[in-house]
Structure formats: C-alpha cells, structure tokens
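Q: Sequence:
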Amino acid sequence: SETKTMNTRILMIALPIFVILIMSACKNQEASNKIKISTGEFYFNPQSVQFEAGRKVSIELFNEGQVAHEFMVGRGAQMNIKRSDNDMNKMHQAPKETMKIHETGHQHPVNESHEEMHAAHAMSGGFQKDFFEGIDVTVQNEDGAEFMRMPGHGTMLLLQPHGKAVISFTVPKDRDGIWEMACFVPGHYEARMKGNISVR
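For the sequence shown, the positions run 1 to 200 when the working numbering is used.
To be clear, the hints were calculated from the coordinates, so they are not data collected in a lab. Some hints could be false.
[What the hints assert, rightly or not] Below, a list of computed lysine-lysine pairs in the DSS-like style, where the Cα atoms sit at most 25 Å apart: (1) K129 / K36; (2) K36 / K56; (3) K164 / K194; (4) K194 / K173; (5) K56 / K173; (6) K194 / K129; (7) K56 / K164; (8) K34 / K164; (9) K164 / K36; (10) K173 / K129; (11) K34 / K194; (12) K173 / K36; (13) K36 / K194; (14) K34 / K56; (15) K173 / K34; (16) K56 / K194; (17) K129 / K56.
[As the list claims (entries may be wrong)] Ranges of calculated distance between the beta carbons of each label pair, as one might list FRET restraints: (18) M12 / D136: 43 to 53 Å; (19) K129 / G187: 17 to 27 Å; (20) E64 / E190: 17 to 27 Å; (21) Q50 / I13: 33 to 43 Å; (22) I13 / N45: 21 to 31 Å; (23) H162 / I13: 26 to 36 Å; (24) E52 / E133: 16 to 26 Å; (25) I13 / G40: 45 to 55 Å; (26) K34 / Q78: 28 to 38 Å; (27) E64 / M12: 45 to 55 Å.
Backbone N, C-alpha and C define an ideal beta-carbon position, used for all residues, glycine too.
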C-alpha cells in the first residue's frame, strides 16, 4: 500500500513534467519551420540553414543592405551564362505579370526597367538545377520584394533595400542533400554572397 502510494506520487509529479517536455518539443519543432534570413552587402545571415524533407517551411527574408539582392537556391552555379536567341526570346515574351502571390491574391506587373534589370541578372549567372522547380510557393510580400520564375535564370526573390517577404512551401522528399543559396545580381556572387541549405 505504501509502495502504491509512493508510485502514485511519483506519477503525479512525473506526468506533468513529461507533458511539459512534450509540449516544449512540439513548440520547438514548429518554431524550427520558420526561418529568418537577412541579406546585405554581401552576405546571407545565417549562412547555413537546414530544411526537413516532407515538411512545410516558411522563410522570412529581409534586405538590410543598401542595394538590391536576390535569393536563389540551386545546384551548379554558372557565371556569365551565354543565352541562346531562343532563351532570350522566351525571357522577353514571358508574361509581364510574373509574380504569383497566393495569399494576397494580387499580381503586380513587372515594368520594362525591371525586365531589363532581370535580363541582366539572368546574363550574369544562375543555377543549372533550380531547387524550386515544380514546387508550389506561397508568397507574402511587402514593398520592395518581387518573386519570379524566369526562363533560363530560375526562381528568384528580388529584394530592394529594406524589402521583406515570406515564402512558404513544402520541401519535396527528392530534394535531400546540400543546396546553395546565392545572389546573382551582377558582381554579388563573385563577392561570395552565397550560403548552404541542407535538406535531410
């Protein structure tokens, strides 16, 4: 009887602690799905992040620098890419409204000067393999951010100075391994504006 009372007391003390530990672990797991990345001249902070395959991820990006930066993820960085006439035609014939914003439901047209700037970015470099190819990305943006899928360049988020955006997506299970995040605004990749994304 005394042993039974003692076991009941231990259980009454241990159970709430166990529940708190489980709740804390769940909360930390949920928090790990939200990643903040800031950009500036010429860095990503943090320089290395981790995604879990099969889970939804939200990345909040903020440009704390004084010039525009882009966020791209892929493999096989290529510099000074020579585009075929066909690629260039595709780039210029792409719909003007290149942004796909699910949460706000708004689409913002890209004007000519932006198109020329993006064409210059596409000429400066890109990835052979685009991490976001085939992934449905939800974008919440504030002033100074543009999300685009550009033929011959890849999927990019362009952030003007103090621009901010949140991109959310589910990480496909076939994207495991190490990927590179980079900025291909002319000269930025050469200034080592890159980092790693590990998918496990």
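Q: None of the hints should be skipped; say for each whether it holds.
A: We went through each hint and held it up to the structure:
no., hint, verdict
1, K129 / K36, "holds (24 Å)"
2, K36 / K56, "holds (15 Å)"
3, K164 / K194, "holds (18 Å)"
4, K194 / K173, "holds (24 Å)"
5, K56 / K173, "holds (11 Å)"
6, K194 / K129, "holds (16 Å)"
7, K56 / K164, "holds (20 Å)"
8, K34 / K164, "holds (15 Å)"
9, K164 / K36, "holds (11 Å)"
10, K173 / K129, "holds (16 Å)"
11, K34 / K194, "holds (20 Å)"
12, K173 / K36, "holds (22 Å)"
13, K36 / K194, "holds (15 Å)"
14, K34 / K56, "holds (9 Å)"
15, K173 / K34, "holds (18 Å)"
16, K56 / K194, "holds (23 Å)"
17, K129 / K56, "holds (21 Å)"
18, M12 / D136: 43 to 53 Å, "holds (48 Å)"
19, K129 / G187: 17 to 27 Å, "holds (23 Å)"
20, E64 / E190: 17 to 27 Å, "holds (21 Å)"
21, Q50 / I13: 33 to 43 Å, "holds (36 Å)"
22, I13 / N45: 21 to 31 Å, "violated (43 Å)"
23, H162 / I13: 26 to 36 Å, "violated (51 Å)"
24, E52 / E133: 16 to 26 Å, "holds (20 Å)"
25, I13 / G40: 45 to 55 Å, "holds (50 Å)"
26, K34 / Q78: 28 to 38 Å, "holds (31 Å)"
27, E64 / M12: 45 to 55 Å, "holds (50 Å)"
Hints 22 and 23 from the list above are not met by this structure, while the remaining hints are.
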